[in-house]
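Colleague: Here's the letter readout for the chains.
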Amino acid sequence: MAAPYAVKLALQSLKKDKWINLLSMLTIFSGLFIFSLSYLIFYNVEAATRNLPEKFSLVLYLEDNLTRDNIDEVMASVRSRREVAAATYISKEEAFRELKATLKNSQYVLEGIDDNPLPDSIEVKLRKDAMSSEPVRKLAETAKKIKGVSEVDYGEKFLSTLHDIRKGVRIVGIILASLLSIGVVFVCYSTVKILFYRRNDEIETFKLLGATKSFIRAPFLIEGAVIGASGGMVSLAALYVLQHFVIFRMAAEVPVFRTMLFPADFFLSLPLIGMFLGISGAVIALGRLKF
Amino acid sequence: MEPAGPMIHFQNVSKEYENLTALHDLTFSVERGEMVFLTGPSGSGKTTLLKLIYVAEMPDHGSITIAGWDTTTLREASIPFIRRNIGVVFQDFRLLDNRNVFENVSLALRIRGVGEREIKSRVADALKTVNLRHKADSYPRRLSGGEQQRVVIARAIVAEPTVLLADEPTGNLDSETAEGVMRTFKDIHAKGTTILVATHNRDLYRNSGKRIFRLHGGALVGEEVC
Ligand SMILES: Nc1ncnc2c1ncn2[C@@H]1O[C@H](COP(=O)(O)OP(=O)(O)O)[C@@H](O)[C@H]1O
Ligand SMILES: [Mg+2]
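Going down the list, the sequences are from chains A and B. Per our numbering: the first sequence ends with 291, consecutive numbering throughout. Per our numbering: the second sequence ends with 517, consecutive numbering throughout.
Careful, some of the hints might be misleading.
Cβ-Cβ distance ranges computed for the label pairs, FRET-style [claimed, not checked]:
{"hint": "1", "chain 1": "A", "residue 1": "S190", "chain 2": "B", "residue 2": "R493", "range": "44 to 54 Å"}
{"hint": "2", "chain 1": "B", "residue 1": "D316", "chain 2": "A", "residue 2": "K8", "range": "41 to 51 Å"}
{"hint": "3", "chain 1": "A", "residue 1": "A264", "chain 2": "B", "residue 2": "D416", "range": "26 to 36 Å"}
{"hint": "4", "chain 1": "B", "residue 1": "T363", "chain 2": "A", "residue 2": "Y197", "range": "25 to 35 Å"}
{"hint": "5", "chain 1": "A", "residue 1": "V246", "chain 2": "B", "residue 2": "S369", "range": "23 to 33 Å"}
{"hint": "6", "chain 1": "A", "residue 1": "L272", "chain 2": "B", "residue 2": "E394", "range": "44 to 54 Å"}
{"hint": "7", "chain 1": "A", "residue 1": "F186", "chain 2": "B", "residue 2": "E409", "range": "40 to 50 Å"}
{"hint": "8", "chain 1": "B", "residue 1": "D416", "chain 2": "A", "residue 2": "W19", "range": "53 to 63 Å"}
{"hint": "9", "chain 1": "A", "residue 1": "R170", "chain 2": "B", "residue 2": "T363", "range": "32 to 42 Å"}
Simulated from the structure, these hints should not be mistaken for laboratory data. All of these numbers come straight from a predicted model, not from anything done at the bench. We put the beta carbon where it would ideally sit given N, CA and C, even for glycine.
From just these sequences and the hints, can you work out the full model?
Modeller: What follows is the structure, encoded as structure tokens:
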């Protein structure tokens, strides 16, 4: 019975103070929109780097003049390692052919090189869970000690850079998300606080007539929820527009955007996130009501 | 059932505002179903005394019981429910300017969660009692002082409270309308409502046969039956 009246009061107030409400709704929208853009970047960096390690491999260069048996022994001992997903033997001839193919438009690089300068090698693919710089470094060290292995090459720098980038993006993401959430909560807080003071007289009268705290609170909570949720809905709409713009316009010209991913689940939850933040702001603004 | 005893009881009650003693060592009772008048010059503490009853202020000393409930030891969450048993005609009206007469009166029922249909009929009845049915759609600022006062009375009685407190309820009324308001109070009193009227208008209590409390400088200086 009281609920519809609380809704009515909330709608009345939304209409009466429409400029304050619109302004805070827009502020919440920009907060959530920036939030979503950062999430979009975060999400894409994560997605793009998740599969990178699969393409990454360790190369063991072998000593010259190893016998077939020697090579099999090295292969066996490499394969026995837990971190190794696959190991392929590449003979020096094969490697040279590949190099020639790669350089077919710049043959001059190889001019004057008649002898094959490349050693035999074993290409080692690693399991996904072993893909951070520390285990890889250890594996490289052990591999170097295997008899018949002359040198080990792996993208140490690349791996640790990748690791740092992911970590950096994550930290920046968390900080940004926290700051923006606090910002949105604060906007809802101050809006509700202003509305509350504007209606102070009315609230005082409600109390004297015997209204309970929840009766007084409900319209403000509804108002906070509506402001937050509409801010979320507007940012959802803006992201939808952005997505179309990126896919249909920018992707045609800039190839990077062609592979861009849009986390729909997250975006669809924006109105809910907005509503939650709006209610939180209202709760803080109302604080402890006194009679 | 409610415990026996007086409806309102003050025991050695004092109230101070900053350095000013608004009420000093008051002890009195108002019986259930009684109608009493509270009189005294401006600033003698009448409004403060009423505020202590509807728990808008707390005493600094002494205790106050309403229908057996000690307001000084009450849990805060119970205050709304005490207030729902008390209709107040505020000296400063406390009408909401952004709501029409009907909405102002209906607030007393809305905060109790009364349904829409019941609100319509009960508000109509209350407005009829104060002769303001034709003003239901008007806004307070468009009404005369006397009409506003009657809206406040309608709001105070619409929920049929056990206790009615009226603070200078005829302050803005001509003597004819004032008589009408007093007749309304007597009708409500006849139905068993306990009524406390604060006024300095002698005409209201002359020959009423009710008890009169006289306040002066915050102290109870006399009690008589007129
Ligand atoms: N909120 C307040 N703060 C400070 N002083 C007050 C307050 N309310 C009333 N007073 C003082 O208390 C005294 C009693 O006031 P009040 O109860 O309003 O008297 P009455 O209703 O009989 O005119 C007066 O001197 C008044 O100035
Ligand atoms: Mg007064």
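Colleague: Which of the listed hints are not met by the structure?
Modeller: Per hint list: 3, 5, 6, 8, 9 violated.
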